[in-house]
Amino acid sequence: MNYSYKGKILISTPDASGDIFSRSVVLIIDHNENGAFGLILNKKNQNMSSRLLSIFGFPVELYEGGPVENDKVFFILKGEKITEQYSEINDEFYITEDIDSVVSSIVEGSVTINDIKVFSGYSGWSPLQLESEIQRKMWTIVDVYNLDYTLPNDQNLWKKIMQNLGGEFLLWANAPEDVSLN
Numbered sequence: 003m004n005y006s007y008k009g010k011i012l013i014s015t016p017d018a019s020g021d022i023f024s025r026s027v028v029l030i031i032d033h034n035e036n037g038a039f040g041l042i043l044n045k046k047n048q049n050m051s052s053r054l055l056s057i058f059g060f061p062v063e064l065y066e067g068g069p070v071e072n073d074k075v076f077f078i079l080k081g082e083k084i085t086e087q088y089s090e091i092n093d094e095f096y097i098t099e100d101i102d103s104v105v106s107s108i109v110e111g112s113v114t115i116n117d118i119k120v121f122s123g124y125s126g127w128s129p130l131q132l133e134s135e136i137q138r139k140m141w142t143i144v145d146v147y148n149l150d151y152t153l154p155n156d157q158n159l160w161k162k163i164m165q166n167l168g169g170e171f172l173l174w175a176n177a178p179e180d181v182s183l184n
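Residues 3 to 184 (the numbering used here) are what the sequence shown spells out, left to right.
It should be emphasised that the hints constitute simulated quantities derived from the structure, not laboratory data.
Mixed in with the good hints, there may be bad ones.
Result set (PhoX-like, lysine-lysine): computed pairs, CA atoms no more than 25 angstroms apart in a straight line [as the list claims (entries may be wrong)]:
| # | residue 1 | residue 2 |
| --- | --- | --- |
| 1 | K74 | K46 |
| 2 | K139 | K10 |
| 3 | K46 | K10 |
| 4 | K83 | K161 |
| 5 | K161 | K8 |
| 6 | K46 | K80 |
| 7 | K83 | K139 |
| 8 | K162 | K8 |
| 9 | K161 | K10 |
| 10 | K139 | K161 |
| 11 | K83 | K8 |
| 12 | K8 | K46 |
| 13 | K80 | K162 |
| 14 | K80 | K139 |
| 15 | K74 | K162 |
| 16 | K74 | K139 |
| 17 | K83 | K162 |
| 18 | K10 | K162 |
| 19 | K139 | K162 |
| 20 | K8 | K139 |
| 21 | K10 | K80 |
For each label pair, taking beta carbons as the anchor points, the in silico distance ranges come out as [stated by the list, open to error]:
| # | residue 1 | residue 2 | range |
| --- | --- | --- | --- |
| 22 | V109 | E179 | 36 to 44 angstroms |
| 23 | S112 | Q137 | 41 to 49 angstroms |
| 24 | K139 | G81 | 34 to 42 angstroms |
| 25 | V146 | F58 | 15 to 23 angstroms |
| 26 | T142 | V105 | 30 to 38 angstroms |
| 27 | S112 | I143 | 31 to 39 angstroms |
| 28 | F58 | N34 | 16 to 24 angstroms |
| 29 | Q137 | K162 | 22 to 30 angstroms |
| 30 | S52 | E170 | 36 to 44 angstroms |
| 31 | E170 | Y5 | 22 to 30 angstroms |
The beta-carbon is built from N, C-alpha and C at its ideal position, and this holds for glycine as well.
Required output: the full structure, derived from the provided sequences and hints.
Pasting the structure below:
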């Protein structure tokens, strides 16, 4: 493997499949010769978010990180490290699965819910699978700077990034979700 997409954003090419990756914005957390690991930033799970509100008593938005291991929970946090069990995304953000430290930090007030994004599951690729999907133009790689990974995002994030790419991407940005209706 000559190149890593770690830290890059993948923008899905619109298609009629309607699966979880349709109009997805994926942050690649890790990418090496063993494959790739990422989280979908813009697929909020409204049903689970409502359940978490009833459990915690305050709003917690849960995002579908991807179709793999939906019983696993991942947290992207902004700012100071609250656990020793983390992987750095960049100077400002990191990821952890340490739910105890996250919940304790919220209760203690050392972290606010606005500095955290919660994910169920992840997006994973076997060795060379991501490279193959990129060659088949299923994904567009984007260097996005100054994107706050903890902000609540929805389909507008995908559209905004597509519009910023310009050119042919403007057509996709303005196409209906079911492109067969176009």
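| Hint numbers the structure violates, sorted upward? | As far as the earlier hints go, 4, 7, 14, 15, 16, 17, 25 and 28 are violated by this structure, in ascending order.
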